[in-house]
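Trainee: Residue numbers (our numbering), protein chains in the order written: chain A, 131 to 608; chain B, 3 to 454.
It is possible that part of the hints are untrue.
Here are the simulated BS3-like pairs of lysine-lysine, each with C-alpha atoms no more than 25 Å apart in a straight line [as the list claims (entries may be wrong)]: (1) B:Lys409 to A:Lys190; (2) B:Lys265 to B:Lys291; (3) B:Lys251 to B:Lys276; (4) A:Lys391 to B:Lys265.
Quick partial rundown of chain B residues pointing at chain A, CB under 10 Å, derived from the structure [stated by the list, open to error]: (5) Ile41; (6) Lys47; (7) Gly254.
A few chain A positions that, by computed beta-carbon distances, are all more than 10 Å from chain B [what the hints assert, rightly or not]: (8) Ile149; (9) Arg301; (10) Val535; (11) Leu539.
Everything labelled a hint here was simulated from the structure, so no lab data went into it.
Glycine included, every Cβ here is placed at the ideal spot set by N, Cα and C.
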Amino acid sequence: MNYKMIIYIMGQILRIVGICMLLPILVGAFYGEHHVIETFGIPASITLLTSFIITIKKPKNTAVFSMEGFISVSASWIAMSAIGALPFVISGEIPNYIDALFETVSGFTTTGSTILSDVEKMSRSVMFWRAFTHWLGGMGVLMFVLAVMSSNDVRTMHMMRAECPGPNVGRLVSKSSFSARILYGIYIVMTVAEIIVLMIFDMPLYDAVIHSFSSAGTGGFSMWNDSIGHYNNIFIEMTISIFVILFGINFNLYYYLIIKKFSLVFKNEELRTYLGIIASATIIIALSVMKQYSSAAESFRNSFFMVASTITSTGFAITDTGEWSVFAQTLLLLLMFIGSCAGSTGGGMKVARILIIIKTGIRELKYIVSPRAVATVKLDGKPVEKDIVRGASNYFILFMIIFSVSVLLISHDNFSIEENISAVTTCMNNIGYGVGRFSPSGNLGGLDSFSKIILCFDMLIGRLEIYPLIMLFASRKN
Amino acid sequence: MEIIIVGGGKVGSALAEVLCHEHNVTVIDKNETRINSVINDYDVKGIIGNCLTTEALDDAGISKCNIFIAVTSSDEVNILSCLIAKKMKARHCIARVRNPEFEKQLVFMREELGISMMVNPDYNSANEIAKVLRYPEAINIDSFAKGRVDLAEIRITSGSILENIALTQLSRRLRLDVLICAVQRGNELIIPNGSFVLHAGDKIHMTASHSNMVKFFKSISAAYREKRVKSAVLIGGGRVGYHLAQQLKEMGIKVKIIEISEKRCFELSQRLNKVNIICGDGTNHDVIKEERVYDADAVVTLTGIDEENILMSLLAKNNGVEKVVTKVNRMNLMQLSETLSLDSVISPKSITVNQILQYVRAKQNSEGNNIITLYRLVNDRLEAIEFVVRERREYVGVPLKKLKIRKGILIASIVRGNELIIPKGDDCLMVNDSVVIVTTNSGFDDLKEIFD
Chain A
131 MNYKMIIYIM GQILRIVGIC MLLPILVGAF YGEHHVIETF GIPASITLLT
181 SFIITIKKPK NTAVFSMEGF ISVSASWIAM SAIGALPFVI SGEIPNYIDA
231 LFETVSGFTT TGSTILSDVE KMSRSVMFWR AFTHWLGGMG VLMFVLAVMS
281 SNDVRTMHMM RAECPGPNVG RLVSKSSFSA RILYGIYIVM TVAEIIVLMI
331 FDMPLYDAVI HSFSSAGTGG FSMWNDSIGH YNNIFIEMTI SIFVILFGIN
381 FNLYYYLIIK KFSLVFKNEE LRTYLGIIAS ATIIIALSVM KQYSSAAESF
431 RNSFFMVAST ITSTGFAITD TGEWSVFAQT LLLLLMFIGS CAGSTGGGMK
481 VARILIIIKT GIRELKYIVS PRAVATVKLD GKPVEKDIVR GASNYFILFM
531 IIFSVSVLLI SHDNFSIEEN ISAVTTCMNN IGYGVGRFSP SGNLGGLDSF
581 SKIILCFDML IGRLEIYPLI MLFASRKN
Chain B
3 MEIIIVGGGK VGSALAEVLC HEHNVTVIDK NETRINSVIN DYDVKGIIGN
53 CLTTEALDDA GISKCNIFIA VTSSDEVNIL SCLIAKKMKA RHCIARVRNP
103 EFEKQLVFMR EELGISMMVN PDYNSANEIA KVLRYPEAIN IDSFAKGRVD
153 LAEIRITSGS ILENIALTQL SRRLRLDVLI CAVQRGNELI IPNGSFVLHA
203 GDKIHMTASH SNMVKFFKSI SAAYREKRVK SAVLIGGGRV GYHLAQQLKE
253 MGIKVKIIEI SEKRCFELSQ RLNKVNIICG DGTNHDVIKE ERVYDADAVV
303 TLTGIDEENI LMSLLAKNNG VEKVVTKVNR MNLMQLSETL SLDSVISPKS
353 ITVNQILQYV RAKQNSEGNN IITLYRLVND RLEAIEFVVR ERREYVGVPL
403 KKLKIRKGIL IASIVRGNEL IIPKGDDCLM VNDSVVIVTT NSGFDDLKEI
453 FD
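Okay, chain A solo, but in the shape it has when bound (with noise of 0.2 Å):
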């Protein structure tokens, strides 16, 4: 284990941490809002001045192997959400260190699911602070870092597998720097659309921003109690939808759309499995609901924006989906599993997982009925190598036994089963509410302090697929 590197790779990344967190001071300085001094100027100035000590000198020895890689990767993700979590400590506005812990966790994980009972008391730049954790966590913050520096540290690919989501993880072109900068362009391209977009159907400048960062990251803060169903806007609902589900798109495609492969796109079978699990289930779901809606095209336009929100695991509402039929809110539960496409800001198990381990189902069927069949799983009518059909099963596997044992973990609080298991399944997708008490119009904070932790944990693993928490704890003994 090379210590001195995965100490070195935390620097970097907490340095960029600390320059972000200069952000809400600005914004803080711009509405007036005194605090913002201590508030931001404390964390940052700790941040910026420990990340410069570690990275003084560089180690000599730079080999960074899966095992470093991702290890400095999820130890980077904790020390971000604990350094993330000061200002809202600092400010009093969340005064309990682990619910400060928790809303950032969230923040940074994408997930949206939040502890406070009113969103609408906080300051504009701890608001500030609490959207952009989700920008940032959205593409990942060890890609910036990729982005910005032009080191010639060869071996990035282990970070990069353990930050970006989905099965298979490669570089669009031949430089990882390049590549996680081509990314970062799009991402921010389209963040400030979104602003613009949002901002022509009438939302003020600062509101546009804190909910572009909010679906940029398809993480799902919003600054009301309410979320999006605070502007009664159906331009605003849906803009924002589409948006989310434009997030949700691997982004890999918008390269091959950059450099004119329109083939490689529509041909895309992750990305037409993807649009057509939205639109049937936004059909199945209007149509269950119809009789609470007066009208047709107001319960499509409640089902669509949910579905979006829910299968991109954004987690904004526009609803109480509590009042749903239960089929409805079960269907929106197994969307959330669903998640989005690989290589997006998304969260859940991704569409291109789901893909092939039903398809490797259908392959063992084959081998039922004639055992001498020979057949591959096939995505894009490539075959998909053999390791990453293990992988996908595997990581059912385990995603299915951290559940069950988070569900058990989290019982002792006695709600009821379903709420429990709503809990765990929105924050392990990294989707932002569930069911009964923690149903949108609901919040997280009923829990104790063990359950958040544990809430905490199945954030990181959803966001950052499992291996690399369970690495960092996994024993090293050669």
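Given chain A, put chain B in place with the hints provided.
Mentor: This is chain B only, laid out in the frame that chain A set:
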């Protein structure tokens, strides 16, 4: 530059390792595990696929590719993929071709098929070994400025006339213009000044014009002229052995090849004249004794097994063979050569890599960079770089003694037109000079970086 490497084996990945720092590299290989290990270890893009399909080449971005390098294990695949790449608008194509049968059509392939460079690792290794045998004291010789300047690595043996000489006296004593750029003593690497005294056991790196280098070797070996290599035994008669035997024969050295396969011996005897070919196991002690291998001036071990080559070389060295050359395929075994006191270890793979790198660097200069040639010596600790002074800068025309040159850098030679200058304090740089510097630091891209 955009570079595509086909084949992710030893040579392919070694090329990727060096090239990925400065260029955008894409590696194509059929083998999934190889691609995975290449993209994990180096900052390159990997494509799994057949390099002969236009689909895979398209994915790799062949139309924007500046240099296409085919180093798969098959000659035919390399040539064919270069042809396809050329048709798909790749700028320069390099193919590794090993079969001696293709040797005579190199010109045809370059002129008619548009393959810019054919690398034959076996032929190049034979060349390298022949060079080492020509100057027995030399360990390695590289050339700069289109062959006008030689850079030689020499071990000072006890009894040599170089022993206990201070560098200031050197030129006077030999009446030759040579410059010692670096001295390796034990594990230390020193850029010496004039008062430095040479000891037996030192390895020196020196530059001189080609003709002076020949004279230099004549004068240092005059003391023990009988030690010039007159006979050599090659253990293993593979492709390297074939090329080497031909070259040594032309140099007037008596060659004996010991080869185990009867069929191969027969082939060799058909194709080679005036070379003794022995069919037998070159590692067998009886055969060695019978053929009086240890009486030869030089022994070259060229079997296909690295371990066998190393052990045979050690044995030959212990039995008093003056010059032993070892061929090693696995590049990481090269590190052992210091510990085992094997002085000449040749790796066909790293020779191939170096040759391709030189080509790539040459192409790079034509696109703006100032480096003409670059050699990495002593396990990459020492760099010898050739620059061209392209325009008038503040350092041009100033005597060298007035310029502040950074620590650990030495200006080893200046080539002006056809004239080679071993620089003294009063010499100065002129526009269009080609300058060779030797340095223990690395990463110089431009001549101005060497001045404070």
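Trainee: Compare the structure with the hints numbered earlier in the document and write down the numbers of the violated ones, lowest to highest.
Mentor: 4, 7, 9
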